[in-house]
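Letter by letter, the chains look like this.
Number of protein chains: 2
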Amino acid sequence: MKSYKEMSAEELKAEKASLEQKYEEYKAMALNLDMTRGKPGSDQLDLSNHIYDSLSSEGFKTRDGVDTRNYNTPAGITEMREVFAQILGTDANKIFLGNSSSLNQMFDSIMRAIVFGEHDSDKPWGQIEGKKWLCPVPGYDRHFRVTQTLGFELVNVPMTENGPDMDIVEELVKDEKVLGIWCIPVYSNPDGIVYSEDTCRRLASMKTAAKDFRIYWDNAYVVHHLTDNESEQGSVPDILGLCEEYGNPSRAYEFASSSKITFAGGGISCIAANKDNMDHAKKIMAVQTICNNKINQLAHARMLPDLDAVKAHMRKHAELLRPKFSKTLEILDSQLAWTGTANWHEPKGGYFVSIFVQKGTADKVVSMCKEAGVALTPAGATYPYGKDPDNSNIRIAPSFPSVEEIDTAVNVLCVCAKITAIDKILEEQ
Amino acid sequence: MKSYKEMSAEELKAEKASLEQKYEEYKAMALNLDMTRGKPGSDQLDLSNHIYDSLSSEGFKTRDGVDTRNYNTPAGITEMREVFAQILGTDANKIFLGNSSSLNQMFDSIMRAIVFGEHDSDKPWGQIEGKKWLCPVPGYDRHFRVTQTLGFELVNVPMTENGPDMDIVEELVKDEKVLGIWCIPVYSNPDGIVYSEDTCRRLASMKTAAKDFRIYWDNAYVVHHLTDNESEQGSVPDILGLCEEYGNPSRAYEFASSSKITFAGGGISCIAANKDNMDHAKKIMAVQTICNNKINQLAHARMLPDLDAVKAHMRKHAELLRPKFSKTLEILDSQLAWTGTANWHEPKGGYFVSIFVQKGTADKVVSMCKEAGVALTPAGATYPYGKDPDNSNIRIAPSFPSVEEIDTAVNVLCVCAKITAIDKILEEQ
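Taken in sequence, the protein lines are chains A and B. So the first sequence is numbered by numbering that gives the first Met the number 0: it starts at 0 and just counts up by one. So the second sequence is numbered by numbering that gives the first Met the number 0: it starts at 0 and just counts up by one.
A couple of the hints might just be wrong.
Since the list gives no way to pick out one identical chain from another, each pair is judged satisfied if it fits inside one copy or across any two copies.
Said to hold, decoys possible - Simulated pairs of lysine to any residue, SDA-like, Cα-Cα distance not exceeding 20 Å:
id, residue 1, residue 2
1, Lys4, Leu425
2, Lys60, Leu46
3, Lys131, Phe115
4, Lys282, Arg111
5, Lys281, Arg141
6, Lys282, Gln147
7, Lys282, Thr148
8, Lys122, Leu149
9, Lys60, His49
10, Lys131, Val114
11, Lys60, Asp45
12, Lys363, Pro388
13, Lys60, Gly40
14, Lys1, Thr35
15, Lys131, Val286
16, Lys282, Tyr384
17, Lys206, Gly246
18, Lys274, His118
19, Lys282, Asn92
20, Lys12, Glu231
21, Lys1, Leu18
22, Lys281, Gln147
23, Lys60, Asp42
24, Lys423, Gln147
25, Lys4, Val154
26, Lys369, Thr407
27, Lys386, Val286
Since the hints were derived computationally from the structure, they do not count as laboratory data.
Put together the whole structure using the sequences plus the hints.
In structure tokens:
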């Protein structure tokens, strides 16, 4: 089949006419499909429904005899700290457990730096005019909104197949106003890219003008593989260890949560950091609260007592998610690939498929989908300030809808992407 | 019996000799008793052990069909917002539910004001040099530490039988650097004082130089009565309603939690505020997190579906706490009252008994108790900067130890208070 670039204007117009007919058919179906956010499906949540049963059968005490019902143990219970340490490949004493939201921990951590500075800062970050934050793009809108809201200028860094473009990062961090970078090292949101070891090493070792530069290492999808084939599963080195190895021991904060292991609205989050960072944070956190919810930690530790249990549990998630990702990719491959107007990654894990449609058309594609009853994340959402300079990236979240709904929704998306691509090509001829 | 003031020096010395013998006997017992913090006893926590059972039997959906396991509903589920609204005598739409710690909500709320200002501020509070916060004393050490850590100068306000001395408060708020006040209106920590309606009205109506002045109304013990006699139970008017009535609708943030209703380390907290304050806070909270743990909210709402259920549950707590408070007061009455060297309130609720020992001796009493194996909150802890100007107040927390342990611990305290009082009187003669 000819790609769109190879087609004549007449051929394109004929193709468009046929696509528009399909589009009108979809509109007539009065669809109401939502692929906006990376929410687990109900069937995935069902996998953990029994998590609280152990509380009535085994009680509320940890294996060390801590009564989780009462005030105490601010850093979290030992058994659950150990599980996260295994997940992240670090030591349990570097782990501090929060409530359900790791985003909350990231926000609070930067808030602390704004008001108090880091342990190695000359002054609170709030006093630094023109402070900047590096944002690999496309990336996670909620990350970007945190640093935007807290007063940073956001600086785009292009993603490569190996993570953020390190040549550019190494240049940018020569500016002492650049204080940090967002990273989702495993199955990045939205592209599903896994950082290479070289990228990780360069991040840990690079020379930064700001001595209190911080990597926010959001390991949100560290055990969230779509494939059972271990050799295909993404993994990265322990960033805390690497930073220490290169003489920058306080450079990274690492985050994770069980939001997409157990319950998106009721899991356990964690922050991992070296002793200096942790001592500094704990001093302030001890003023902020007496302790977090340890009962939920205990329920989690009993259901998922070690990394093997976590892996076995995540395989069940993968079984439920794989057909949804396969369906998405199958339709993109059959409907869109041959046109030569779009490209995408085939993620091996995580929660998203990220498509780059014809440059200059993403907003139009999303609004056409909306008109046909298919809600997508707004075009531009994956870029700082909601502005995709190429107006090209669209993030698809296939986890929540059913396979049937995905089938329809992605077909609608393909029709819209093709119509707008043709318009663009004709316009540019 | 003669009071200490009526005794001669010889009589005092004889009394002291006999007390010192008792003290040595206690020391020989190698006690290890802890009355430092207001922690519920295990028997109290047992009252809620069944709280999570409904999740397996009734599932995870709210009565409106919200799946509490997934991301959504940032303000919290309707049924639990309604319970807190009933507890606080306000509207459910003014309630935002947090995780377990209301202290965390207070800290975050002031952090927001520091970094962003209030909706009616001219600038973020962090930019105000010499900002001050009013601290009714004695008061709650964790409150004081929040505002101290966040850069306020703490200003003591004496407590009266009716709450903070309002003549003094009304004078102090003429200073535009005074931005707020801590209040525990029902069964204040540590004195167990209930604010009078007049105090509440004066707080709501007073003219403050700072237009963005805030009352932090920590209603921590609003349903925590020790007596079943309703006419003796403390209550205060709805502060949000009063502030609105007097034309200061944004003046108060109210806080509460189920920490001492269900689990101290795993309950539900709430913040209540008018629309302007809530909209302002929500804008920032929406950046901080997607949602809090709603599964725990659902478990709470099912166990405590309305105010009547809460009251019935709190009567069970009162049954367990009453003997502990009675024992404490009985020993103070029999051992200390006649000496004329100490006084205390008889709380009708809350978690503390607050004793004022002979001026200038509290630190000595606490250290003598410690030497005899009885841990008390450090002297001065109930005052800003840990400095009790009279060195007189000691906070006793009788909830956690058993009645037998309280019997011993309070007897030790009385012996130490008497010895130090005699020393002081002799020294001053």
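Hint-by-hint comparison with the structure:
1. Proximity of Lys4 and Leu425 under a CA criterion of 20 Å is satisfied intra-copy only: 10 Å inside one chain copy versus 103 Å between copies.
2. In this homomeric assembly, Lys60 and Leu46 come within 20 Å of each other (Cα to Cα) only across copies, at 16 Å, whereas the closest approach inside a single copy is 24 Å.
3. For a Cα distance limit of 20 Å, the shortest separation of Lys131 from Phe115 qualifies both inside one copy, at 17 Å, and across copies, at 18 Å.
4. Taking identical chains as interchangeable, the C-alpha atoms of Lys282 and Arg111 lie at most 20 Å apart whether they share a chain (11 Å) or sit on different chains (19 Å).
5. In the homo-oligomer, the alpha carbons of Lys281 and Arg141 lie at most 20 Å apart only across protomers (15 Å), although the nearest pairing inside one protomer, at 25 Å, exceeds that limit.
6. Taking CA atoms no more than 20 Å apart as the test, Lys282 paired with Gln147 passes between copies only; the shortest distance there is 13 Å, against 26 Å inside one copy.
7. In this assembly of identical chains, Lys282 and Thr148 lie within 20 Å of each other by CA distance solely across copies; the values are 10 Å between and 24 Å within a copy.
8. In the homo-oligomer, the alpha carbons of Lys122 and Leu149 lie at most 20 Å apart both inside one protomer (16 Å) and across protomers (15 Å), since each shortest distance falls under that limit.
9. Taking CA atoms no more than 20 Å apart as the test, Lys60 paired with His49 passes in both settings, with 18 Å inside one copy and 15 Å between copies.
10. Taking identical chains as interchangeable, the C-alpha atoms of Lys131 and Val114 lie at most 20 Å apart whether they share a chain (16 Å) or sit on different chains (17 Å).
11. Proximity of Lys60 to Asp45 under the C-alpha cut-off of 20 Å is restricted to the inter-copy arrangement: shortest distance 12 Å between copies versus 25 Å within a copy.
12. In this assembly of identical chains, the alpha carbons of Lys363 and Pro388 lie at most 20 Å apart only when taken from the same copy (14 Å versus 69 Å across copies).
13. Taking CA atoms no more than 20 Å apart as the test, Lys60 paired with Gly40 passes between copies only; the shortest distance there is 14 Å, against 32 Å inside one copy.
14. In the homo-oligomer, the alpha carbons of Lys1 and Thr35 never lie at most 20 Å apart, since the shortest distance is 32 Å inside one protomer and 79 Å across protomers.
15. Taking the closest pair of Cα atoms, Lys131 and Val286 come within 20 Å of each other only across two copies (18 Å); inside a single copy the shortest separation is 28 Å, beyond that limit.
16. For the homomeric pair Lys282 and Tyr384, the shortest alpha-carbon distance between copies (16 Å) is at most 20 Å, but the shortest distance inside one copy (33 Å) is not.
17. With identical chains, the CA atoms of Lys206 and Gly246 are at most 20 Å apart within one copy only, with a shortest distance of 11 Å there and 56 Å across copies.
18. In this assembly of identical chains, the alpha carbons of Lys274 and His118 lie at most 20 Å apart only when taken from the same copy (11 Å versus 38 Å across copies).
19. Proximity of Lys282 to Asn92 under the C-alpha cut-off of 20 Å is restricted to the intra-copy arrangement: shortest distance 16 Å within a copy versus 35 Å between copies.
20. Taking CA atoms no more than 20 Å apart as the test, Lys12 paired with Glu231 passes in neither setting, with 42 Å inside one copy and 84 Å between copies.
21. Proximity of Lys1 to Leu18 under the C-alpha cut-off of 20 Å is restricted to the intra-copy arrangement: shortest distance 16 Å within a copy versus 103 Å between copies.
22. With identical chains, the CA atoms of Lys281 and Gln147 are at most 20 Å apart between copies only, with a shortest distance of 16 Å across copies and 25 Å within one.
23. In this assembly of identical chains, the alpha carbons of Lys60 and Asp42 lie at most 20 Å apart only when taken from different copies (14 Å versus 30 Å within one copy).
24. Proximity of Lys423 and Gln147 under a CA criterion of 20 Å is satisfied in neither setting, with 32 Å inside one chain copy and 60 Å between copies.
25. For the homomeric pair Lys4 and Val154, neither the shortest alpha-carbon distance inside one copy (33 Å) nor that between copies (74 Å) is at most 20 Å.
26. Taking the shortest Cα distances, Lys369 and Thr407 sit within 20 Å of each other inside one copy (13 Å), while across copies they are farther apart (72 Å).
27. When the C-alpha separation of Lys386 and Val286 is checked against a cutoff of 20 Å, the pair qualifies only between copies, where the shortest distance is 18 Å, while the shortest distance within a copy is 38 Å.
When held up to the earlier numbered hints, the structure conflicts with 14, 20, 24 and 25 and fits the remainder.
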